[in-house]
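S.K.: Modelling step: build the complete structure from the supplied sequences, incorporating the hints.
Residue numbers (the working numbering), protein chains in the order written: chain A, 0 to 283; chain B, 25 to 276; chain C, 156 to 482; chain D, 14 to 236.
To be clear, the hints were calculated from the coordinates, so they are not data collected in a lab.
You may find that some hints are simply not true.
Said to hold, decoys possible - SDA-like, lysine to any residue: derived pairs with alpha carbons at most 25 angstroms apart:
hint : chain 1 : residue 1 : chain 2 : residue 2
1    : A       : Lys280    : B       : Gln151
2    : D       : Lys228    : D       : Asp122
3    : A       : Lys186    : B       : Thr171
4    : A       : Lys13     : C       : Ile270
5    : A       : Lys132    : C       : Thr480
6    : A       : Lys18     : C       : Tyr390
7    : A       : Lys273    : C       : Glu441
8    : A       : Lys132    : C       : Val214
9    : C       : Lys369    : A       : Gly19
10   : C       : Lys384    : A       : Val20
11   : C       : Lys296    : A       : Ile188
12   : A       : Lys278    : C       : Thr298
13   : A       : Lys100    : C       : Thr480
14   : A       : Lys102    : B       : Lys145
15   : C       : Lys474    : A       : Arg99
16   : A       : Lys13     : C       : Leu388
17   : A       : Lys230    : C       : Glu441
18   : A       : Lys102    : C       : Gly218
19   : B       : Lys134    : C       : Phe201
20   : C       : Lys288    : A       : Phe24
21   : A       : Lys186    : B       : Leu81
22   : A       : Lys132    : C       : Ala233
23   : B       : Lys145    : A       : Ile188
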Amino acid sequence: MKAKNSPVRFRIGKNGFFKGVVIAFAFSCVIPLLFILAYIIKAGITKINWNFLVNVPKPVGESGGGIANALLGSIIIIAVAAVIAIPIGILGGIYLSENRKSKLAYWARLSIDILQGVPSIVIGIVAYFWLVKPFGGFSSVSGSIALAIMMLPIVVRSTEETLKLLPDTLREAGFALGMPFHRVVLKVIVPCGISGILSGVMLSIARIAGETAPLLFTAFGNPYLSTSLTKPMQSLPLLIFNYATSPYNDWHDLAWGASCILLIFVLVLNIFTKIITRKWKVQL
Amino acid sequence: MESTIVRSIDYNAYFGDNHVVKNVNIDIPKNNVIAVMGPSGCGKTTFLRGINRMHELIPGATAKGKIMLDNEDVMEMHPIFVRLKIGMVFQRPNPFPNLSIYDNVIAGYKLNGIKLPKAEKDKIVEQSLTKVALWNEVKDQLNKKGTFLSGGQQQRLCIARAVAMEPEVLLFDEPTSALDPISTSTVEELFHDLKQNYTLIIVTHNMQQAARVSDKTAFFYMGELVEYDETKRMFTNPRDTRTQNYITGRFS
Amino acid sequence: MKTFENEAVIARGDSPRVITGSNTGKLKKTNREKHSNRQIWTESVFRRLLFIMGVLMVVLVLGIMFTLIVQSVPSIKALGAGFLWGKVWDPVRDIYGAFPFLLGTLLTSFLALAISIPFSFAVGIFLGEYYPKGWLPDLLKNTVELIAAVPSVIYGFWGLAVLVPIVRSFESGIGEPPIGVGIFTSSLILSIMIIPYAASLGRSMIQMVPSHLKEAAYSLGATRWEVIKSVILPYVKSGLFAGVLLSLGRALGETMAVTMVIGNTSGIPKSIFAPGNTMASVIANEFTEADRTVYLSALIELGLVLFLVTVVINMIGKKIISRFTND
Amino acid sequence: MTHLENELQAVKKEVLSMWYLVESQLEKSRTAMLHFDRDLAREVVLKEKRVNAFELKIDRDCENVFALFCPVAVDLRFLLATLKINNNLERIGDIAEGIAKYIIESSGDFDRTLFESTQVLRMYEDAINILIDTRMAFEKEDTILARSIFKRDEVLDQINREASARVGAVIKEDMTVMEDALYMLSIIRKLERVGDQSKNIAEEIIFYIEAKVLKHQEDKGKE
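M.R.: Shown next as structure tokens:
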């Protein structure tokens, strides 16, 4: 009996050991994130005050100054990108979910898959040749379009996935009432999948809010406050990149504050998305 | 005096190359309950969905022939008009999950963007729910979501939704197959009341149900209409041996 | 009979409201038809709009590819295939060899992958098999997803401020030149950033393992670890591989964090602690400074290579996933 | 009320109509016997066709309900009982017709004293009452009433058993009434059958209401 028992005991011990290893590895992933969060917030939160939010950066050597230009720029660039990408993305997602078998849908789906994997820097290059070079200068709207291209696959995919999960009986119910196609889609299907679509939209905004690479060659950055869509514009990630790699401590401080704001914005948006998805979920 | 309301002439339906409904000719008299039965895959649901042009919503599906509704060919009309005149109720209750009971009943108006005064909407909701014997059960909770109701109530809500559009014909695609026996018999009783105002075509794979509720029965087999007759006759003295074999359960 | 009675009532005028009622009923029906005609028009417009969206998506990607190819033509013409193997990148002397960047990209990516895989698989196994439900696994899952949400520029900044000094002291400890920035540092940063991709894919794959397989093994007296090792992992190995590929795709294309901590030198790195450059970082650094056509075009050719490599890797990963989920 | 219930009610109503008809047939043939009314007797013979039509109609109705509704439990027993009751009623109709035919066949007015001496009148009265009470039991689903039928059938049996002796005595006394007396004997034999049929019907009623099979049991009334 004992001879038979001891390998079992060994196996049980091994089982426990590996469970411990898995748990240790799994939870240690969280540690760097917590470090980063703690560090950024600790370094950044002290820099944030009213002046920081409403002033533009001062030249090197002068202390003080703020990131108003980057804040406003980020808001404008993201808003324009969202205005471009959300309708196109949702309609595209609808197209993919409604035409599951057509040839064009196959290619469109493939394109979206490709687009999702394209490195952001490549999008930046392309946007540069499409929108910067032909129009003779960096502009915020070119940055917005580059970001919109980055948003597109996320919105399209989440819309498609959400709508695909809705039962066909819902569409049929709509059609059987004599509803035209567009009303079935807009009044029945989209409202039922609204939580999934919204979460896709918000996640895509969170994603582009921190994107820097496509903006390097498009919005470019601007040390002054600008609201013109055709002029270069500053944005938070650009400001962080430029000031973080600069040798000046004052600028580092600005970058820490900006990082903190950007991080909080992105995290809040992510958490908010989780909550909204759960709350707005239509019970089928 | 019975007058024909729906008449199919040489109706054929296909899924790609698959010929699922073959040359169906059938006359459906007004204010009758017609049961369509047959083994699964016999084309009965396809035929039913052909009547209000739901068939062609499936990619690759096509149809040939005529389906006359009041001497107008359904195949020539725009599907939207057809579906306004021919209501449909599905296998699983499918109330709109994002709408209240009240809005579900008038969904046909609301979601089609037809504006109605509040008083008229109230009237339609009450009348429709009364017709499906649901008014007394839900009149105090009209603002709750339609999906809070039980399965049988949901199905009656869906019937009310179809009835609210005042169609001439109501199609039922296995309307009780997802319901428990009690709800099933409630819905079946409803058919007898509804036939006063509407013509009902019911697809069912439950032949007892066909026998219980219908005036006339059509038996489909392998896409063909094998027999179409008074239900009483069909179940006591079928003409075709295939029908006999099917209703006696001797199908091989 | 019934209708006759009703008409009689109307004719006698007992109930005038009945008359108006029936009239508006008829009016309503015709209005409804007019309304529907408008709807039919809108419907066809809507269908066309959706179709255009479908076309737009294809055109967008084709356009990206086309632009990259056309813009890199000057460099392809001038440099040929040797571009990829050229060991020297010196724009001042008009010498463009992409090999240092290829090597840098591959080194950082695979190093990052090697570091991150144990962690992401552990997360996948933990969430997929050990504790699929409960507040703690939920918290872990959401936290790991947040790792992907943090902007890469913030990773870069944090790496610059925190990680670089640590690596520097580590390097001086083992006798390497204490630079701090370099391939090793960027791999560390990258490895954190790519954990969520393989982890979440692994989790969903492991959850898809049919329970009857696991139960069969349990019923033979297998321990949990043995079930994981001999049933679950073999079953999901292609899915896990796809997760690794997606992580790799992410690592290859990552720009900002790497640019900030890799050191940006265009030579061939002598060790993994040496500073270097990746394809993405060299584009980010030099694109706006490139003043000659060939210089710019060479950078774009780098972008094209990056694009093709990531697309191929992503496509393979997606294919594996879709085959896995369809089975 | 469900559709099936409606159908069953209709069948029941049909059976009751048939029952009234059969009762009136018996009643009429009695009146015809009492007053030697050959026209009335002929009417009874003619109306027998209607009884037969009823039988066919009820059979068909039952068949339809079986086919369309697949009844179970009490509904099933009701229909099974109805089919047999229908059959029994038709037989009673035949008996009424038979009696009426005797009246048409017989050469002249019956000797009135025979009604008393052979107890045919009393028996007739009892037979009709039994039939009426069976109907009441069916209509009201009253098993106590139905059980009482068994006892009352025994009275008819008693009269029937004594009939041969009685008729023999009557004939011995007065040979001229022999033909009439033999008719009386035949009528008594037939009325005894009415009792038997009613008893069968009562058994069916109990079967349908209580699901108890009393057929071919000796002590039926006594439980």
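S.K.: Next step is simple, just say for each hint if it's right about the structure.
M.R.: Okay, the hints, checked on the actual structure:
1. A:Lys280 to B:Gln151: violated, 32 angstroms
2. D:Lys228 to D:Asp122: With a Cα-Cα distance of about 41 angstroms, the restraint between D:Lys228 and D:Asp122 is violated, given a limit of 25 angstroms.
3. A:Lys186 to B:Thr171: holds, 17 angstroms
4. A:Lys13 to C:Ile270: Holds. A:Lys13 to C:Ile270 sits at ~24 angstroms (cutoff 25 angstroms).
5. A:Lys132 to C:Thr480: Distance of about 44 angstroms is beyond 25 angstroms: violated.
6. A:Lys18 to C:Tyr390: Satisfied, since the Cα-Cα distance of roughly 19 angstroms is no more than 25 angstroms.
7. A:Lys273 to C:Glu441: Roughly 39 angstroms separates the two Cα atoms, so the pair is violated.
8. A:Lys132 to C:Val214: Holds, at roughly 20 angstroms.
9. C:Lys369 to A:Gly19: The hint holds at about 20 angstroms.
10. C:Lys384 to A:Val20: holds, 14 angstroms
11. C:Lys296 to A:Ile188: Distance ~29 angstroms between C:Lys296 and A:Ile188 Cα, so the pair is violated.
12. A:Lys278 to C:Thr298: holds, 20 angstroms
13. A:Lys100 to C:Thr480: Given pair A:Lys100, C:Thr480 holds - Cα atoms ~18 angstroms apart, limit 25 angstroms.
14. A:Lys102 to B:Lys145: violated, 44 angstroms
15. C:Lys474 to A:Arg99: holds, 17 angstroms
16. A:Lys13 to C:Leu388: Answer holds: A:Lys13 to C:Leu388 is near 17 angstroms, not above 25 angstroms.
17. A:Lys230 to C:Glu441: holds, 22 angstroms
18. A:Lys102 to C:Gly218: holds, 19 angstroms
19. B:Lys134 to C:Phe201: holds, 19 angstroms
20. C:Lys288 to A:Phe24: holds, 19 angstroms
21. A:Lys186 to B:Leu81: Given that 25 angstroms is the threshold and the Cα spacing comes to 18 angstroms, the pair holds.
22. A:Lys132 to C:Ala233: At roughly 22 angstroms apart (the allowed maximum being 25 angstroms), C:Ala233 and A:Lys132 satisfy the hint.
23. B:Lys145 to A:Ile188: The given pair, whose Cα atoms are some 23 angstroms apart, holds under the 25 angstroms limit.
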